[in-house]
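Going line by line, the protein sequences match chains E and H. Residue numbering for the first sequence follows the numbering used here, starting at 1 and increasing by one per position. Residue numbering for the second sequence follows the numbering used here, starting at 1001 and increasing by one per position.
Simulated from the structure, these hints should not be mistaken for laboratory data. Source: prediction; values computed, not measured. Ideal Cβ positions, reconstructed from N, Cα and C, are used throughout, including at glycine. Where hints are given, some of them may not hold.
What the hints assert, rightly or not - Far from chain E, some chain H residues (derived; all Cβ distances over 10 Å): (1) N1024; (2) L1025; (3) D1037; (4) E1047; (5) Q1116; (6) N1121; (7) P1196; (8) E1197; (9) H1219; (10) I1227; (11) G1250; (12) A1319; (13) G1328.
What the hints assert, rightly or not - Which stretches of chain H does chain E cover? Using the computed rule of at least three CB atoms under 8 Å from a CB of chain E, they are: (14) 1093-1107; (15) 1123-1131; (16) 1204-1216; (17) 1255-1262.
There are 2 protein chains.
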Amino acid sequence: MENRTELSALGEFGLIRRIQENTNLKNAETIKGIGDDAAVLSTAGQELLISTDLLIEGIHFDLSYAPLRHLGYKAIAVNVSDIAAMNGIPKQVTVSLGLSNRFSVEAIDELYEGIQVACENYKVDLVGGDTSASRSGLVISVTVTGLAAKDEIVYRNTAKPNDIICVTGDLGAAFMGLQALEREKQVYLANPDMKPELEEKDYVVLRQLKPEARMDMIHELKEAGVIPTSMIDISDGLASEILHLCRQSGTGANLFEDKIPIDDQTYLVATELNFSPLTAALNGGEDYELLFTIRQDDYEKIKHITDITTIGYMTADPATVQMVMKSGTAVAVTSPGFEHF
Amino acid sequence: MENRTELSALGEFGLIRRIQENTNLKNAETIKGIGDDAAVLSTAGQELLISTDLLIEGIHFDLSYAPLRHLGYKAIAVNVSDIAAMNGIPKQVTVSLGLSNRFSVEAIDELYEGIQVACENYKVDLVGGDTSASRSGLVISVTVTGLAAKDEIVYRNTAKPNDIICVTGDLGAAFMGLQALEREKQVYLANPDMKPELEEKDYVVLRQLKPEARMDMIHELKEAGVIPTSMIDISDGLASEILHLCRQSGTGANLFEDKIPIDDQTYLVATELNFSPLTAALNGGEDYELLFTIRQDDYEKIKHITDITTIGYMTADPATVQMVMKSGTAVAVTSPGFEHF
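Make the full structure from the sequences, and use the hints.
Dropping the structure here:
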């Protein structure tokens, strides 16, 4: 039988101590981590980046299929992704948790295991947070800090016409992973004896449950000596993000359907579940790939990077953000936005 | 009739734009606020302080008596209080909200009005956040940054034996305010025609609903040329906080019952509701006053500050944290901690 220790046996301060004891500081810029009224950070003469994300049970995740370890990892990764999207290096995170007594100490340990693995992978220090009861579901609020030299920070509003539009990795997988998980959940609820059939959907399922921030691409771009002219991470789908870049930069865009990188498994799962793979890529969300623009002169420097795909270019007319389809016709890119309400 | 605009009419991006438009940046250190993947902050060569607090409906506040405007103010104030407790100057906040569709746009506007008034008072910039749906109640997660010169930061673990223990303002009021509000709520639920009787409890009620961070005291101490030897803000009650300072500094403490500052109204309300005023001060919580220690040599420099009271001194024996009662007997200071679980 599994051990179950009630959170009340540990108490809030006990839980904080437990987290503190399992936390190793990695960055010289972290002067003081958990254990005082605030953490103390040095910025070593660089600019500080800060971003925050709120994950709420029943809205952002479903514990009936999201393992707590993956969820902890994801909470850190999606925040790190925002620092990547500024061309920064992540340094610290704070993690606040709202917990109902449904959760045991062992469950919280699992969540923190995922958080700590992500902190190792992305080389960030856990420096603080808050723990609280919650009347309802699990609430995870993460704030991340990062550093960047002033002239290396990449904003959303600085793309220029003729800049080449690039994307990392492939798109639509996380959305199809979510659909596959939802489908299996319904099957399971209808017949608890059914075995889940997710073996051939492993890639898309993992993209949904345990996404990665593309810090590897940030390092590749630095090595190639390229600073993007604008950048954003793809949390709400390619359509929403290209519209953000265009609206804020005052540009239009031409994208090409046949350039959009979509994994074979995304195609297979989309076909099986009656979704359009292109719609998954455009509006699916949660891919956490990077969408960025570069000067045409920089193309030679990045073309060897296998995980970067050029998908179009910026244009001068802000009224026209369009995708040229395989058929040759151009259709306007639109997005309902990712309306959570 | 009051206007009611559904959040869905605005959408997440609409809500973010609305917040952005109502936000004026005040600090030269805020390079870029809301509107990109992360905010960009300069630290002007100082150390960065960061702290975060999570407020959850039904645990930290009850909307049946907490006006949204006050709640917004309080969410900022309790975070600023953590920066004050490090002897820092607050600079920026991020605010994340989990909202159910029970809330209208007008309700969120009220909440942000309170947030913005607090940002004005404490001279902090709202630089980012996240908005999300919530299946259940309102969730507010605030992260605050602050700056301090390296040699001015005050930690919890640096008090020395014989240091004088000081406290700002008065204690126990916020707790008695909460008890008064809870009592009135029960009366109202039993008989909705009853008028609330809170006129003579205005001070304690406001201390609960709209606490202030004692940045004024931080400025007074700076003017007096005094850097405390240790400091913490009183969120969980004097007992819990002095135990934190002693445990982390490796000291004991002698406190004196007759020195503990308690407001007359706190006495009156405590007596009416059958509470001990001293217990309210020791274990009540949410006062957000500052508890700090100073070197004996510095006493002359702070004794003119009317809102600072000396309540005891640090001792060498870490096993003895006690309060000398008016009767002359000494009793051990204990705290159940503020166990939310």
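Evaluation of the provided hints:
no., hint, in the structure
1, N1024, "19 Å, holds"
2, L1025, "14 Å, holds"
3, D1037, "4 Å, violated"
4, E1047, "5 Å, violated"
5, Q1116, "18 Å, holds"
6, N1121, "19 Å, holds"
7, P1196, "25 Å, holds"
8, E1197, "29 Å, holds"
9, H1219, "17 Å, holds"
10, I1227, "15 Å, holds"
11, G1250, "14 Å, holds"
12, A1319, "19 Å, holds"
13, G1328, "32 Å, holds"
14, 1093-1107, "holds (count 6)"
15, 1123-1131, "holds (count 5)"
16, 1204-1216, "violated (count 0)"
17, 1255-1262, "violated (count 0)"
Hint compliance for this structure: hints 3, 4, 16 and 17 are not met, and every other hint is.
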